[in-house]
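Visitor: If you want the building blocks of each chain, they are given just below.
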Amino acid sequence: MKTNYLLPHKYKKLGWTLLSLGIISFIILGSTQYEGGFFEIKVLSIFNYDYTNKTFFKIIKDDIRNEVISILIIVGGLLVGFTKEKIEDEFIYKLRNDSLVWAFILNYTILLITILFIYGGDFFEVMMYNIFTPLIFFIIRFNFLKYKSRSHEE
Amino acid sequence: MKNNIKVQRAIHDMTQADLADKIGVSRQTINAMEKNKYVPSTVLSLKIAKLFEVPLEGIFFLEDED
Numbered sequence: 001m002k003t004n005y006l007l008p009h010k011y012k013k014l015g016w017t018l019l020s021l022g023i024i025s026f027i028i029l030g031s032t033q034y035e036g037g038f039f040e041i042k043v044l045s046i047f048n049y050d051y052t053n054k055t056f057f058k059i060i061k062d063d064i065r066n067e068v069i070s071i072l073i074i075v076g077g078l079l080v081g082f083t084k085e086k087i088e089d090e091f092i093y094k095l096r097n098d099s100l101v102w103a104f105i106l107n108y109t110i111l112l113i114t115i116l117f118i119y120g121g122d123f124f125e126v127m128m129y130n131i132f133t134p135l136i137f138f139i140i141r142f143n144f145l146k147y148k149s150r151s152h153e154e
Numbered sequence: 001m002k003n004n005i006k007v008q009r010a011i012h013d014m015t016q017a018d019l020a021d022k023i024g025v026s027r028q029t030i031n032a033m034e035k036n037k038y039v040p041s042t043v044l045s046l047k048i049a050k051l052f053e054v055p056l057e058g059i060f061f062l063e064d065e066d
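Chains as they are written, first to last, in full-length UniProt numbering: chain D, 1 to 154; chain Y, 1 to 66.
No lab work stands behind these hints: they were computed from the structure.
If you're wondering where the values come from, they're calculated on a predicted model, not measured in any experiment.
You may find that some hints are simply not true.
Claimed, not checked - Listed next, with one range per pair, are the computed distances between beta-carbon atoms: (1) Lys22(Y) - Asp62(D): 55 to 65 Å; (2) Ser41(Y) - Val101(D): 30 to 40 Å; (3) Lys35(Y) - Ile64(D): 47 to 57 Å; (4) Thr15(Y) - Gly121(D): 58 to 68 Å; (5) Lys37(Y) - Asp50(D): 17 to 27 Å; (6) Phe61(Y) - Arg150(D): 24 to 34 Å; (7) Val75(D) - Lys22(Y): 46 to 56 Å; (8) Asn4(Y) - Asn130(D): 23 to 33 Å; (9) Leu62(Y) - Leu106(D): 45 to 55 Å; (10) Thr109(D) - Lys37(Y): 37 to 47 Å.
As the list claims (entries may be wrong) - Sample of chain Y residues at the chain D side, in silico, Cβ under 8 Å: (11) Asn31; (12) Asn36; (13) Tyr38; (14) Ser45; (15) Leu46.
As the list claims (entries may be wrong) - Every beta carbon over 12 Å from chain Y, so not counted as near; a handful from chain D, in silico: (16) Gly30; (17) Ile46; (18) Thr52; (19) Thr55; (20) Leu72; (21) Val75; (22) Ile87; (23) Asn107; (24) Leu116; (25) Met128; (26) Leu145; (27) Ser149.
For every residue, glycine included, the Cβ atom is placed at its ideal position computed from N, Cα and C.
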């Protein structure tokens with residue numbers, strides 16, 4: 001069966017490595033208050049709004065840890081979720097699609113609840129996590145379904 | 001949809017792994033089909049029927065709710 005958009009299986013390990021690195025650094029960064037210094041470098045900003053004025057295409061200084069961690073989690077997550085399995089067939093493809101739908105619905109259910117019940121600054125913290133949750137829910141669900149279908153063999 | 005893949009396997013003395021190998025799917029797929037948890041595509045059904053040398057209707061059966 002034709003399975004589109006999927007990368008070869010060999011990238012899966014790389015994906016897990018990047019994703020783990022990203023999540024571990026995310027947890028460490030969340031528990032430290034270390035500011036600036038080594039990680040602050042010059043970056044190109046296409047658009048920047050700093051309360052008083054808007055600038056376009058300007059070189060600014062920024063602590064890039066957030067950016068690096070986000071990229072690690074997103075690229076790692078995409079590689080884990082969208083590389084072929086060792087034996088890629090129509091059943092595993094169905095499990096992947098089902099997991100995607102499941103993750104999508106769960107994510108927006110949680111988002112609806114936060115819109116209704118969480119206000120102020122905390123809401124934006126939830127939105128920050130929401131950058132990663134669709135991908136993370138999908139990976140957890142997909143691997144759970146794969147594990148479940150494996151444990152019922154004769 | 002129901003099927004008698006398990007019976008056909010027994011007749012041809014094949015394990016789930018043998019069948020999976022021959023039609024190019026994983027063992028989980030065979031297992032899911034035998035447990036009626038997965039309805040195979042037309043292509044895969046035809047491959048199974050061809051391998052067992054039985055017409056499609058001899059392996060797959062519609063149920064009332066289909």
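Visitor: All the hints need checking, so say for each whether the structure fits it.
Guide: Hint by hint, here is what the structure shows:
At roughly 57 Å, the beta-carbon separation of Lys22(Y) and Asp62(D) lies within the given 55 to 65 Å, and the hint holds. Distance hint check for Ser41(Y) and Val101(D): the Cβ-Cβ separation is about 19 Å, which falls outside the suggested range of 30 to 40 Å. The beta-carbon spacing between Lys35(Y) and Ile64(D), approximately 50 Å, falls within the hinted interval of 47 to 57 Å. Between Thr15(Y) and Gly121(D) the beta carbon distance is about 59 Å. The supplied range of 58 to 68 Å therefore holds.
Range check, Lys37(Y) to Asp50(D): Cβ separation about 55 Å, and the 17 to 27 Å hint is violated. Roughly 27 Å separates the CB atoms of Phe61(Y) and Arg150(D), a value that falls within the hinted 24 to 34 Å. Range check, Val75(D) to Lys22(Y): about 37 Å between beta-carbon atoms, so the 46 to 56 Å window is missed. Asn4(Y) and Asn130(D) have their C-beta atoms about 47 Å apart, which leaves the hinted 23 to 33 Å range violated.
Look at Leu62(Y) against Leu106(D): about 33 Å separates their beta carbons, and that is not inside 45 to 55 Å. At roughly 25 Å, the beta-carbon separation of Thr109(D) and Lys37(Y) lies outside the given 37 to 47 Å, and the hint is violated. The interface hint given for Asn31(Y) is met, as the beta carbon of that residue sits about 5 Å from the closest beta carbon of chain D, less than 8 Å. Contact between Asn36(Y) and chain D, as hinted, is not supported at the beta carbon level, the nearest pair being about 12 Å apart and thus beyond 8 Å.
Satisfaction of the interface hint for Tyr38(Y) is found here, the shortest Cβ-Cβ separation to chain D being roughly 5 Å, below the 8 Å cut-off. A least Cβ separation of about 11 Å between Ser45(Y) and chain D goes past the 8 Å threshold, and the interface hint is therefore violated. Taking 8 Å as the C-beta contact cut-off toward chain D, the hint placing Leu46(Y) at the interface is violated, the least distance being around 12 Å. Every Cβ of chain Y is farther than 12 Å from the Cβ of Gly30(D); the closest lies at roughly 37 Å, confirming the non-interface assignment.
Distance check on Ile46(D): its Cβ is at least 45 Å (rounded) from any Cβ of chain Y, clearing the 12 Å threshold; non-interface status holds. The claim that Thr52(D) is not at the interface with chain Y holds, since no C-beta of that chain comes within 12 Å of its own (minimum 59 Å). Remark: the non-interface label on Thr55(D) is consistent with the geometry, its nearest Cβ contact in chain Y lying 54 Å away (cut-off 12 Å). The Cβ of Leu72(D) lies farther than 12 Å from every Cβ of chain Y, with a closest approach of about 30 Å, so its non-interface assignment holds.
With a least beta-carbon separation of about 27 Å from chain Y, Val75(D) lies farther than 12 Å from that chain, consistent with its non-interface assignment. Residue-level check failed: Ile87(D) sits 4 Å from the nearest beta carbon of chain Y, not beyond 12 Å. Here Asn107(D) stays apart from chain Y, with its beta-carbon at least about 25 Å from theirs, past the 12 Å limit. Leu116(D), annotated as away from the interface, keeps every beta carbon of chain Y farther than 12 Å; the closest lies near 36 Å.
The claim that Met128(D) is not at the interface with chain Y holds, since no C-beta of that chain comes within 12 Å of its own (minimum 37 Å). Its closest Cβ contact with chain Y, about 10 Å, brings Leu145(D) to no more than 12 Å, contrary to its assignment away from the interface. With a least CB separation of 4 Å from chain Y, Ser149(D) falls inside the 12 Å interface cut-off, contrary to its annotation.
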